[in-house]
Amino acid sequence: MITMSAAPQEDALSLAETQPAGNVGRMKILIIEDDLEAAAYLTKAFREAGIVADHASDGESGLFMGSENTYDVIVIDRMLPRRDGLSVISELRRKAIHTPVLILSALGQVDDRVTGLRAGGDDYLPKPYAFSELLARVEVLGRRKGTPDQEVVYRVGDLELDRLSHEVRRGGKEIPLQPREFRLLEYLMKNAGQVVTRTMLLENVWDYHFDPQTNVIDVHVSRLRSKIEKDYNQPLLKTIRGAGYMIKDEG
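Under numbering that gives the first Met the number 0, the residue at position 69 of the sequence shown is numbered 68, and the numbers go up by one with no gaps.
Since the hints were made in silico from the structure, they are not lab data.
Please read these numbers as outputs of a predicted model, since none were measured by experiment.
Hints should not be assumed to be uniformly reliable.
Stated by the list, open to error - Restricting the straight-line Cα-Cα distance to at most 25 Å, the calculated cross-link-like pairs of lysine-lysine (PhoX-like) are: (1) K247 to K229; (2) K247 to K226; (3) K43 to K94; (4) K172 to K27.
Go ahead and model the full structure; you've got the sequences and the hints to work with.
Shown next as structure tokens:
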């Protein structure tokens, strides 16, 4: 639920009506909010600021819309019916959908904000808040579109990963991967040429924020390596002893 004082709401409408859209023009966002009155207010205010705003009233609908449509930013309430906000974000990230997400929540303690960001959120705004601040934060997140993290296709040598179609090819030949293998390869290719530690993989691929003390990473890396390097002379995925892994083209 969104909680805003009367004064900030009035300021928001005057801001949206009198100021030019500027950099936020032509943006398209998704608002996932179960409070219909608050959602209607936000939708109206964003549209008056020059931003196209769609609305979903529960987590499941929001997940579907966020998965099936392209948005510049998703604004999501943390507490939602059918599926909570953090679960929606985690599922979007699992599907390799990296639309910037701003979390709205009455839970504003440091631990709450950290939990939200670690779940895959890009920004966290506690309630109550002023619409002018929300608008500014959405504008900043919208500028991230087109940055390296938003690239559609990653390439390392003759290996290509398409984040939209979920296809992986090497030398033009398609390589079928399981969902977890795809996420692992995606993260490695996103950080091509850099050492990726076990901790980084646990947090960003498995959503673990502790070490389960298993060989799950080694097993998946081994399977992935066999798939992307079998029948190819040039190895790409390297184990950096005592540090982690790196994917790099040295050809």
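Hint check:
1. Taken as a hint, the K247 and K229 pair is honoured in the structure, with Cα atoms around 16 Å apart against an allowance of 25 Å.
2. With a CA separation close to 16 Å, the supplied pair K247 and K226 stays within the 25 Å bound.
3. Restraint check: the Cα-Cα separation between K43 and K94 comes to about 30 Å, which exceeds 25 Å; the hinted pair is violated.
4. Restraint check: the Cα-Cα separation between K172 and K27 comes to about 35 Å, which exceeds 25 Å; the hinted pair is violated.
Comparing the model with each numbered hint stated earlier shows that hints 3 and 4 do not hold.
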